[in-house]
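These protein sequences, in sequence, are chains Z and W.
Under our numbering, the final residue of the first sequence carries the number 381; numbering is consecutive throughout.
Under our numbering, the final residue of the second sequence carries the number 437; numbering is consecutive throughout.
These are computed hints drawn from the structure, not numbers from a lab.
Honestly, I wouldn't trust all of these hints.
Straight-line C-alpha distance at most 30 Å; calculated DSBU-like pairs for lysine-lysine [as the list claims (entries may be wrong)]:
1. W/Lys278 / Z/Lys246
2. Z/Lys108 / W/Lys359
3. W/Lys3 / Z/Lys276
4. W/Lys3 / Z/Lys297
5. Z/Lys297 / Z/Lys352
6. Z/Lys55 / W/Lys241
7. W/Lys359 / Z/Lys38
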Amino acid sequence: MAFISAGYNPDKPMEGRISDIGPRKFDEFYPPVIARNKGKWLYHEIVEPGILMHKAESGEEVYTVRCGGARLVSVTHVREICDIADKFSGGFVRFTTRNNIEFMVESKDEALKLKAELNSRKFAAGSHKFPVGGTGAGITNIVHTQGWVHCHTPATDASGTVKVVMDEVFAEFGAHNMPAPLRISMACCLNMCGAVHCSDIAILGYHRKPPLIDHEYLDNLCEIPLAVAACPTGAIRPSKTEINGKTVNSVAIKNERCMFCGNCYTMCPSLPLSDKEGDGLVIMAGGKISNRISNPKFSKVVVAFIPNEPPRWPTLAKVVRQIVDAYAKDARKYERLGDWAERIGWERFFEKCDLEFTEHLIDDFRDPAYYTWRQTTNFKW
Amino acid sequence: MAKHKTPLLDQLESGPWPSFVSDIKQEAEHRHANPDGIEYQIPVDVCDDLLGLLEMSYEDGETHWKHGGIVGVFGYGGGVIGRYCDQPQKFPGVAHFHTVRVAQPAGKYYSTEYLRKLMDLWDFRGSGLTNMHGATGDLVWLGTTTPQLEEIFWTLTHDLNTDLGGSGSNLRTPASCLGQSRCEYACYDTQSLNYAMTLEYQDELHRPAFPYKFKFKFDGCPNGCVASIARSDFSVIGTWKDDIKIDHDAVMGYVKGEFAPNAGAHSGRDWGKFDIEKEVVALCPTGCMSWDGSKLSIDNKECYRCMHCINTMPRALHIGDERGASIFVGAKAPILDGAQMGSLLVPFVPVEDPYDEVKEVVENLWDWWMEEGKNRERIGETIRRMSFQKMLEVTGIKADPRHVQEPRTNPYIFWKEEDVTGGWERDINEFRKRHQR
Ligand code: HEM
Ligand code: HEM
Ligand code: SF4
Ligand code: SF4
Ligand code: SF4
Ligand code: SF4
Numbered sequence: 001m002a003f004i005s006a007g008y009n010p011d012k013p014m015e016g017r018i019s020d021i022g023p024r025k026f027d028e029f030y031p032p033v034i035a036r037n038k039g040k041w042l043y044h045e046i047v048e049p050g051i052l053m054h055k056a057e058s059g060e061e062v063y064t065v066r067c068g069g070a071r072l073v074s075v076t077h078v079r080e081i082c083d084i085a086d087k088f089s090g091g092f093v094r095f096t097t098r099n100n101i102e103f104m105v106e107s108k109d110e111a112l113k114l115k116a117e118l119n120s121r122k123f124a125a126g127s128h129k130f131p132v133g134g135t136g137a138g139i140t141n142i143v144h145t146q147g148w149v150h151c152h153t154p155a156t157d158a159s160g161t162v163k164v165v166m167d168e169v170f171a172e173f174g175a176h177n178m179p180a181p182l183r184i185s186m187a188c189c190l191n192m193c194g195a196v197h198c199s200d201i202a203i204l205g206y207h208r209k210p211p212l213i214d215h216e217y218l219d220n221l222c223e224i225p226l227a228v229a230a231c232p233t234g235a236i237r238p239s240k241t242e243i244n245g246k247t248v249n250s251v252a253i254k255n256e257r258c259m260f261c262g263n264c265y266t267m268c269p270s271l272p273l274s275d276k277e278g279d280g281l282v283i284m285a286g287g288k289i290s291n292r293i294s295n296p297k298f299s300k301v302v303v304a305f306i307p308n309e310p311p312r313w314p315t316l317a318k319v320v321r322q323i324v325d326a327y328a329k330d331a332r333k334y335e336r337l338g339d340w341a342e343r344i345g346w347e348r349f350f351e352k353c354d355l356e357f358t359e360h361l362i363d364d365f366r367d368p369a370y371y372t373w374r375q376t377t378n379f380k381w
Numbered sequence: 001m002a003k004h005k006t007p008l009l010d011q012l013e014s015g016p017w018p019s020f021v022s023d024i025k026q027e028a029e030h031r032h033a034n035p036d037g038i039e040y041q042i043p044v045d046v047c048d049d050l051l052g053l054l055e056m057s058y059e060d061g062e063t064h065w066k067h068g069g070i071v072g073v074f075g076y077g078g079g080v081i082g083r084y085c086d087q088p089q090k091f092p093g094v095a096h097f098h099t100v101r102v103a104q105p106a107g108k109y110y111s112t113e114y115l116r117k118l119m120d121l122w123d124f125r126g127s128g129l130t131n132m133h134g135a136t137g138d139l140v141w142l143g144t145t146t147p148q149l150e151e152i153f154w155t156l157t158h159d160l161n162t163d164l165g166g167s168g169s170n171l172r173t174p175a176s177c178l179g180q181s182r183c184e185y186a187c188y189d190t191q192s193l194n195y196a197m198t199l200e201y202q203d204e205l206h207r208p209a210f211p212y213k214f215k216f217k218f219d220g221c222p223n224g225c226v227a228s229i230a231r232s233d234f235s236v237i238g239t240w241k242d243d244i245k246i247d248h249d250a251v252m253g254y255v256k257g258e259f260a261p262n263a264g265a266h267s268g269r270d271w272g273k274f275d276i277e278k279e280v281v282a283l284c285p286t287g288c289m290s291w292d293g294s295k296l297s298i299d300n301k302e303c304y305r306c307m308h309c310i311n312t313m314p315r316a317l318h319i320g321d322e323r324g325a326s327i328f329v330g331a332k333a334p335i336l337d338g339a340q341m342g343s344l345l346v347p348f349v350p351v352e353d354p355y356d357e358v359k360e361v362v363e364n365l366w367d368w369w370m371e372e373g374k375n376r377e378r379i380g381e382t383i384r385r386m387s388f389q390k391m392l393e394v395t396g397i398k399a400d401p402r403h404v405q406e407p408r409t410n411p412y413i414f415w416k417e418e419d420v421t422g423g424w425e426r427d428i429n430e431f432r433k434r435h436q437r
């Protein structure tokens with residue numbers, strides 16, 4: 001493993017340096033049929049789950065075959081995607097916002113062949129590599145964050161919980177049997193890198209224990225003022241502590257003020273907060289992004305805590321199933337999950353989903369809380 | 001033979017959905033076999049060690065990553081996220097495991113030629129594990145060592161004509177929907193605006209000068225496929241001002257059942273015969289449509305362009321021709337004062353190359369936020385702290401009823417002295433001439 005330089009010279013970092021060039025220009029990578037008809041599309045049709053047909057003014061058609069996949073993919077896997085694109089779609093491929101993969105071909109025949117090909121490819125242990133679906137009124141792929149694979153503040157794993165939930169709703173991924181699209185998102189701590197707060201169903205990692213304080217090392221490893229400033233709720237203050245008869249500079253934390261965000265840990269490695277029993281999941285529901293029929297809205301917390309149960313998180317899968325089934329059975333055509341919950345009333349939502357309502361679900365965080373309490377006699381028994 | 005036993009992770013290889021565990025194992029084997037004779041620049045067993053470390057997290061229910069400190073490439077304040085594991089003796093392959101964010105092409109189209117070159121570089125100089133794509137939109141490359149960073153950057157910029165993405169308190173990698181390239185609903189060229197804004201603001205993207213992160217996202221229409229209204233500080237959403245175009249023959253086609261409603265999105269269930277009255281007219285939130293049994297009419301002045309009717313009958317109804325976009329400002333995740341959606345700032349802006357009207361709004365906002373924003377304060381929080389009125393003032397935009405869902409319910413208006421006839425300075429003695437003490 002000898003070090004091979006690409007040309008960079010550490011003694012003269014500016015020599016031959018190229019910077020600030022941005023991404024490659026998007027239109028270098030248009031399949032020809034896309035380049036020819038851009039801006040002149042007339043309408044589209046979902047031929048069957050996973051296959052879209054767009055018709056252009058010119059009369060040309062493009063068939064898009066969409067398949068799901070893990071967001072975490074290896075170069076070997078991406079090369080396999082390239083092989084498929086070379087064989088079927090003229091060497092072009094695109095990815096969607098929700099981590100799906102799209103291949104575009106020019107006839108329905110080719111699309112059907114490609115769908116069969118994609119559905120036939122499996123990993124050695126048996127799971128699909130490229131399951132076709134993710135269109136229409138179904139459940140598409142989950143957008144998510146890093147979790148235990150690659151972050152320092154997660155309260156759960158992202159890839160594992162996503163895998164488990166997608167296994168659970170696999171049939172719905174490949175079908176159009178929901179009343180409207182159902183979007184699931186996952187973020188592994190309350191920072192919500194994935195911004196899951198407007199999803200039909202959101203899965204969120206949550207800590208419930210304040211940071212531990214590694215007094216002995218804290219002053220050596222951290223800038224105390226930075227750790228203090230990092231706390232959004234002002235729970236941390238500088239303090240002195242006795243360790244082995246010696247007075248050391250450290251911090252003190254007002255535990256009842258902590259909202260378990262982990263920002264202090266980002267600034268100071270002597271304040272870890274992960275904990276097997278403390279950490280777990282929050283489930284939120286009823287958010288949406290689209291302006292269709294009703295305004296975009298936030299997801300609401302409907303389950304305050306589900307413990308981490310790696311590797312297969314059975315309670316999580318069960319709760320998602322309960323919500324999906326109750327919604328699918330009861331909502332009207334075109335009605336998003338949040339619109340359904342508002343029409344029947346949240347009291348009915350908990351009943352139909354067979355979820356327990358607990359005091360944790362009543363907002364008590366700052367000003368907006370009051371606006372979520374009920375100020376009317378219009379409620380149901 | 002696997003380097004570490006992973007009985008818990010192995011249970012994530014079952015079930016139909018693609019297993020990331022199987023994929024990492026496949027990559028681990030590939031690296032050991034090394035069929036192309038690559039001189040790997042980071043440990044060959046990096047994938048094995050990642051699985052081993054992850055298995056440990058599955059046992060412990062706790063992460064084994066530490067925050068990375070400052071690593072990056074010369075002259076850039078973002079694009080690399082430092083990452084070290086807390087079990088380097090057991091898992092030396094992932095002792096140093098930094099993330100590289102690579103700028104993605106707008107709309108995420110790739111040629112396989114380009115994608116293969118990207119993969120070759122990451123195979124050679126990194127873990128061979130990626131995210132296609134990260135939540136912000138960029139290509140995320142998971143795991144390499146510090147000495148590789150400049151080399152990766154060199155090859156990216158010299159051979160692949162590609163830059164790093166953003167991280168830290170700066171402009172983050174912007175993202176857009178695929179827009180006009182394949183969507184009949186797109187009211188402007190989202191990819192082109194995305195690209196132009198990304199190039200224009202390279203300095204803001206690479207060199208942190210902001211109080212906190214700032215995100216642009218571009219949706220072509222109110223359907224919002226990149227979720228800009230929830231996920232970006234500056235959200236541009238396509239819209240139009242004139243009439244929805246109606247093809248009356250195609251409407252009849254839907255009524256007669258020749259075309260599936262909503263482009264076939266509901267094909268998996270028997271919802272009964274399509275009923276235009278019930279499924280379109282009655283669900284129109286503004287009640288501006290009518291159907292007399294043979295003809296559909298829209299009172300376009302009252303339509304607020306929610307897209308429902310167009311989504312339901314895409315062959316028959318088409319977006320108008322006087323197109324542009326609305327701009328929303330200040331969306332953010334809940335931390336700290338609760339989640340915020342973007343609030344409407346500019347109801348209509350023309351979106352045409354070179355996009356000066358859009359850039360002007362951004363630059364006015366930045367000037368203000370860089371001056372007034374507190375450390376780690378998103379612009380949405382600055383607006384709440386300083387007021388919506390202040391944002392109107394700094395952007396030179398006139399108040400409009402479209403700015404609010406409803407007018408305020410309290411009368412506590414902070415009048416400015418210059419707004420009140422005669423100002424605030426008065427003479428108490430003059431007052432006392434009219435009123436005894
Ligand atoms: C103080 C709060 C936050 C901290 C300390 C933080 C920290 C981080 C870290 C360390 C990562 C990199 C994970 C990795 O790949 O190693 C990350 C990723 C990211 N963050 Fe944050 N974050 C914070 C808040 C937010 C918020 C509020 C948002 C969005 C509104 C956000 C959006 C993102 C996104 C989109 C990514 C990429 C995630 C992915 O694709 O997996 N972050 N953040
Ligand atoms: C600094 C704040 C306030 C002060 C100093 C104040 C003072 C007063 C006074 C002196 C009166 C009696 C007037 C009279 O004798 O005719 C009054 C009446 C009243 N105030 Fe306030 N008030 C304040 C805030 C509020 C607020 C916040 C509300 C409601 C949200 C409110 C609602 C009322 C009502 C409903 C009346 C009765 C009016 C009537 O019957 O005609 N006040 N207030
Ligand atoms: S959501 Fe939290 S834990 Fe997950 S990647 Fe983002 S900062 Fe890390
Ligand atoms: S976890 Fe967050 S709220 Fe709790 S002490 Fe640390 S910074 Fe403060
Ligand atoms: S946001 Fe609108 S224009 Fe963009 S892809 Fe989605 S439906 Fe099409
Ligand atoms: S776009 Fe929405 S508001 Fe406008 S006519 Fe159609 S359904 Fe009604």
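Verification of the supplied hints:
no.	hint	result
1	W/Lys278 / Z/Lys246	violated (77 Å)
2	Z/Lys108 / W/Lys359	violated (42 Å)
3	W/Lys3 / Z/Lys276	holds (26 Å)
4	W/Lys3 / Z/Lys297	violated (47 Å)
5	Z/Lys297 / Z/Lys352	holds (21 Å)
6	Z/Lys55 / W/Lys241	holds (25 Å)
7	W/Lys359 / Z/Lys38	holds (24 Å)
Hint compliance for this structure: hints 1, 2, 4 are broken, all remaining hints hold.
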